Amino acid sequence: MSSAETNAITSDLRLVTAIRSADQSAMAVLYDRYSSIVYSVALRVLQDTGAAEDVLQDIFMQLWRKPGAFDASRGNMAAWLAVITRNRAIDALRRRRPENDISDVLVSVEHDLASEADRSRIMEKVRGALQAMPAPQRSALEMAYFEGLTHSEIAGKTGEPLGTIKTRIRAGLLALRKVFAA
Amino acid sequence: MSAHEQFAEDLALYALGSLDGAERHALEKHLDGCASCRRELELLRGDLSLLALTIAVPKPPSRARQRLMSAITNEPRLPVAPQASERQQRSGWSALGWPALRWTAAVALVVVGIGLVRQNSTLQQDLASLRAQFTDRGSKLEQADEVVATLLDPDAIKIELVAVGNKPQPRGKAIYQRRNRKLIFFASNLPPLPTEKIYELWLFPANGGAPIAAGLFKPDARGSATVVNPPLPEGVEAKNFAVTLEPESGSHESPRGTPVIVGVGE
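Line by line, the protein sequences give chains A and B. Okay, so the first sequence: first residue is 1 according to our numbering, each after it adds one. Okay, so the second sequence: first residue is 1001 according to our numbering, each after it adds one.
So these bits of chain B aren't anywhere near chain A, every CB distance computed over 10 Å:
(1) A1022
(2) H1025
(3) A1035
(4) S1036
(5) E1160
(6) P1194
(7) T1244
(8) E1253
(9) T1258
Dumping the calculated DSBU-like pairs for lysine-lysine here, alpha-carbon to alpha-carbon at most 35 Å:
(10) B:K1029 with A:K178
(11) A:K66 with B:K1182
(12) B:K1029 with A:K157
(13) A:K66 with B:K1173
(14) B:K1059 with A:K178
(15) B:K1059 with A:K66
(16) B:K1218 with A:K125
(17) A:K157 with B:K1059
(18) A:K66 with B:K1218
(19) B:K1173 with A:K178
(20) B:K1197 with A:K125
(21) B:K1197 with B:K1182
(22) B:K1239 with B:K1197
(23) B:K1218 with A:K178
(24) B:K1197 with A:K178
(25) B:K1218 with B:K1029
(26) A:K125 with B:K1059
(27) B:K1182 with A:K178
(28) B:K1239 with A:K66
(29) A:K125 with A:K66
(30) A:K66 with B:K1029
Please keep in mind that the hints were generated in silico from the structure rather than gathered at the bench. Predicted, not measured: the structure shown is a model, and the values here were computed from it. Using N, Cα and C, we set each Cβ at its ideal position, and we do this for glycine too.
Chain B extracted, bound-state conformation (with noise of 0.2 Å):
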């Protein structure tokens, strides 16, 4: 029995919360090693949510819009936290009681007065500097939304060009972050796929480990695909990509069918 028909019932059970103790355990650990599986995972929940959709529909009542309308004006998105720190100041200075300690408490006072006049102003000053900070991630964060929103468009055409005479070549693009396991491949000119057939990404280790199955793809009608962020196990790093032509069904675990692109590295 492989180590994924070991698990395989096991999926169903952590798909639905209803898996714990050493079992859990083993199969979270299996899992970050395995795209296959962490694959199989998100289908068995993308199954799980066909069964929400047997309920009857009813409609939230008028007052949930409202609550939740209301809620979103009344909270900021970048909360700013309470200064901890001058409450407890305020609270300790009460707790001493003030006539008996008349004298030094005005010294003190004064001390801490100017204490926290020079620590509101360095507040102001780290405040000021984490909007700045903020409002330009904000305008960068925005205009990669709509950068990935329009390569991600079903919509959107992509045409490649060529020098005139040539024909367009099958091609790909990967860009790959280890750190963050983020993956972009693009791929355009893909001949049609043969019946049961598919497309599937490769990433080749560095170390010279064995392929690791990058995602799974059908070109549309031009031949453009695109793959975002497939999983994968941390800290990877890459000597190159390729994708392959591979039976439909069956495990995709290993290549079994025939290079298509392959790439060089950077």
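Here chain A stands alone, though its shape is the one from the complex (with noise of 0.2 Å):
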């Protein structure tokens, strides 16, 4: 980890604790850090700009309320926004009522997104292992990440068995990680 990294993931540390203590900078701080990642998540599940807001403000402001949510220990503040922001958006997709409460979403990450220029590196990374995935598998990903789809649903859509999906998005998952350990 270099010291630029390991500084970005302090400094959001130290932001995390002085939005405990109800400082406001420290919250627009954080938000011109890591906004972007979380409107564009939203936007790409949503693709309705007001929607997106929507759960852009959702997600600050539950930060705001229950800063400890955070599990610094187990990963970095742009995965876990990342994970939470889409399962919001799904939910607000579905219209459904959120099912979990940010605290208990726990995110590991062994690999750095602390700086802009980690992330993209790491984009163009997963980018290239998900062009490299056969096409239906690739699908099968997609239609569950971004559109919320279960595995019935996609089953339904494409005409493939259950088993086959099920294995598909696991696999298409498990091959984004071998990116990283490489």
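Take the two lone chains, each set in its own frame, and fit them into one complex as the hints suggest.
Now the structure itself:
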């Protein structure tokens, strides 16, 4: 881990600590750092700028109300925000009440996403891994992730057996992990 | 087929939020008692976060920032709940009709008024007491945050002091709170990891049950490492903790490697 990455993670921890003391300026810094990730994930899922802004507001308000929900020992803020935003956007898309409290969502990442440079580097790698996947596998993964379709819905849509869809989704995720293990 | 293999595909669907019904119920039951599958679930969520990074990243409009900052300013951190009982009493009196119940209402109003004054006074006292408690807890929380931030800060140096002439030995300290499943573990002076090996922390239950995996970790260049709140099953009383040197790949469900440090309990 480079010193810049270490500093970014440490700085996130400090910001979260300041937010716990109701420090509004710390919240503004955190927003400036991560609002693009949150907004882009919400917009990709919901395909509607107004709805994406609502999710953006909701995610940061939850962080303001419950800064302790972020578990710094398990990963970094960017990955955690991406996961809880995607879940909240899918809930909004399917017009259902949020199922999980944000503090119940533990995310572990073994690669660094702390700086924008890291994220760009990783983005290229993940895009490459997605392109290298067989099309049906990539499609199953994207339908599940970005459209929030269940495996039964994907099976219904593609005419493939349920077991095949399950296997494709898991294999797709493990293929992404492998890119970084190499 | 082991239980873990059986649930492997369901775990990916669960991470995506697309598992439901009996399959979801069965998996959640398994997750309650399986630290290794809980760990895999966290890793799968990490893999999912990578997908989010494939999206082009547009900046949100500036009004979104203004909306958030305005909401934060307007939302007190500890909102006081409205006094529903007072509202109900007011609407109840309007429904009765003032002219017909003039005297009764007047007497009752005096009684209710005295009651409200007393109630108000009690509520004020409760509120003052709660404010004092929150201030005290806020201050303690802030101190705790500072301690944790310092302990976890990768830039902080950790140096162990030993008697002059003694070579520092590997050691660890586990602080475990059964009630809340909280575990903090610090290790120091651990030897550097051989290739394809990893350290693993184990909790030994007091009832003599099999050791429970409590986290994989790699020490820093000084041999220091920290494990904070690994996923653990509920209500396990611990007799002891130990760290073993394990193969990095394969199952981490039960100890296979050699013990490095072992605790003596307290």
